[in-house]
Amino acid sequence: MIITSSKPFEEVLALLEHEDDIFIIGCNVCAAKLKTGGEPEVLDMEARLKAAGKHVVGWALPTAACSVRSYGSLVEKNPAIKDAHCVLVMGCGSGVSIVAKVVDLPIYGSNDTVSLGGSSEGKLLTQLCVMCGDCNIGEFGGFCPKSLCPKGLLNGPCGGATDGKCEVDREKDCVWALIYERLKKIKRLDLLYEVHAPREYGFK
Amino acid sequence: MNLDFRKKLDSKNFLVTAESSPPKGSDVSSALADVEVLRNFVDALNVTDNQCSIMHMSSLAFSKLLLERGHEPIMQLTCRDRNRIGLQADLLGAFALGIRNICVMSGDHPSCGDHPGSKAVYDLDSVQLLDIVSKLNSGFDFAGNELEGKTDFCVGAVSNINPKEFLQILKLEKKVRCGADFIQTQAVYDVGMFEEFMESISHLDVPVLAGLIPLKSPKMAKYMNENISGIHVPDELVSRLEKASDPLEEGLLVAAETTRELTKLCRGIHIMPIGSHTRTLKLLKKAGISRR
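If you read the sequences in order, they're chains D and A.
Quick note: the first sequence uses my numbering, first residue 1, plus one each step.
Quick note: the second sequence uses my numbering, first residue 1, plus one each step.
Note that these hints are calculated values from the structure, not bench results.
Honestly, I wouldn't trust all of these hints.
Straight line, CA to CA, 30 Å or less: simulated DSSO-like cross-link-like pairs of lysine-lysine [stated by the list, open to error]: (1) D:123 x D:54; (2) A:216 x D:165; (3) A:216 x D:187.
Computed spacing ranges between beta-carbons, pair by pair [said to hold, decoys possible]: (4) D:77 x A:223: 38 to 48 Å; (5) D:137 x A:245: 53 to 63 Å; (6) A:139 x D:100: 42 to 52 Å; (7) A:228 x D:70: 38 to 48 Å; (8) A:242 x D:114: 23 to 33 Å; (9) A:193 x D:13: 16 to 26 Å; (10) D:55 x A:61: 40 to 50 Å; (11) D:123 x A:225: 50 to 60 Å.
What the simulated footprint calls covered on chain D by chain A, stretch by stretch (three residues with Cβ under 8 Å from a Cβ of chain A suffice, anywhere in the stretch; the number is not a length) [said to hold, decoys possible]: (12) 69-76; (13) 139-152; (14) 168-181.
Note that CB positions come from ideal geometry on N, CA and C, so glycine has one too.
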């Protein structure tokens, strides 16, 4: 799941300062799950923009903003897009980019895209993967230090880690403490002794 | 100052290194004056690389300025701000300018410093950077290309000193495996714990210089316990400072006593005063450390 967070409404309004006749496009996958671009959020955005004096021509909720096939598929969902002078996408950065490919209007995003994550046991989990293109997550027992360590350290914790907590955020577990526990559990502590070479980012 | 830290590491002498911070600005006069008093009293000067992620003049430039004035610099190099191309380029440049000693570390995260929104690079970690220095020393870059003139760096790394932190010890082992010629540690206040640490790494053949930050007040001791990773000031020491009529003087005395103990346990000390070196000579005198 792509993790997004909603920009404060004032910031969205500032983006749209010189725009009007807005068409809103939500996303019924990740953003809907995260409540940053599902139907209730799209309706709320429409109401707030209207209350702020903006004219909203309509909205659509494609299955996934990042998989919009064509301009025609958006017109099929809501022909009001033909009257729009700009589009506000309530999805992730990919969603905004895909919509921009098919709609020839000024385009804005209402979210900040934070990381690749997921959810499990009712908990939202962020920063699980940095999409480095050179995956060796198995060597760390399934916790990627490139993503879960703010410094992406592959050969053990930095000197800032204290009592299993991260230097950057003391509330957060140091991923190396998690890796250690996990490797112990699966009887692969031997993996800790490996010297990991730098990754070949995007050039493998 | 004799310009050969590697030879000093091979000697039997108890070594003294001290931290030197480049200025935040282009005027180097006060930063140079601060270390001038240490001439002939320390074996080398560690030049910090944007310490605490607070932007300063580069450690490369300031190391060269120290070298020109006859000091022996140990250029610190963090993985925070440069990728593998930038780090190798600066290493080649440093060697060409006469810098022979390097100390590598991950580096504090940018969020700790005065440009918190800057992109954290960390393309390499300290273990990988040590390996790259070894490669440059053998005449090749990371990608395997042959160099026109190899380097010959004496390269150090840093370590915490809690023997119970298994992962920290493991990382230190990797650093030694990847070519660390010496280790400088986090500040020591608990000599017993440091002794245990030295025992826990007795299988590693590497000279260790113990970190020393003279305490100035009980408040500073408590602050460090709460905020600085890897530092543990024992309660007895905090109350000793609380009871002292002159905590500043008492802190220096504690550091001198610690130094005397450390002469029996490791190869040297690394002095990192908070602020200037105005009291460093007094500390060395109290600890019985002679001129170089």
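Results for each hint:
1. D:123 x D:54: violated, 36 Å
2. A:216 x D:165: Holds - the C-alpha atoms of residue 165 of chain D and residue 216 of chain A are around 28 Å apart, at most 30 Å.
3. A:216 x D:187: violated, 47 Å
4. D:77 x A:223: 38 to 48 Å: The hint (38 to 48 Å, Cβ to Cβ) is violated, given that residue 77 of chain D and residue 223 of chain A are roughly 59 Å apart.
5. D:137 x A:245: 53 to 63 Å: Between residue 137 of chain D and residue 245 of chain A, where Cβ atoms are some 58 Å apart, the hint holds.
6. A:139 x D:100: 42 to 52 Å: Between residue 139 of chain A and residue 100 of chain D, where Cβ atoms are some 49 Å apart, the hint holds.
7. A:228 x D:70: 38 to 48 Å: For residue 70 of chain D against residue 228 of chain A, whose Cβ atoms are near 58 Å apart, the range 38 to 48 Å is violated.
8. A:242 x D:114: 23 to 33 Å: violated, 46 Å
9. A:193 x D:13: 16 to 26 Å: Since residue 193 of chain A and residue 13 of chain D have Cβ atoms about 57 Å apart, the given range 16 to 26 Å is violated.
10. D:55 x A:61: 40 to 50 Å: With Cβ atoms ~57 Å apart, the hint is violated.
11. D:123 x A:225: 50 to 60 Å: violated, 32 Å
12. 69-76: With 0 residues close enough to chain A, the hint is violated.
13. 139-152: holds (count 3)
14. 168-181: holds (count 4)
In the structure shown, a violation is registered for the earlier hints numbered 1, 3, 4, 7, 8, 9, 10, 11, 12, in ascending order.
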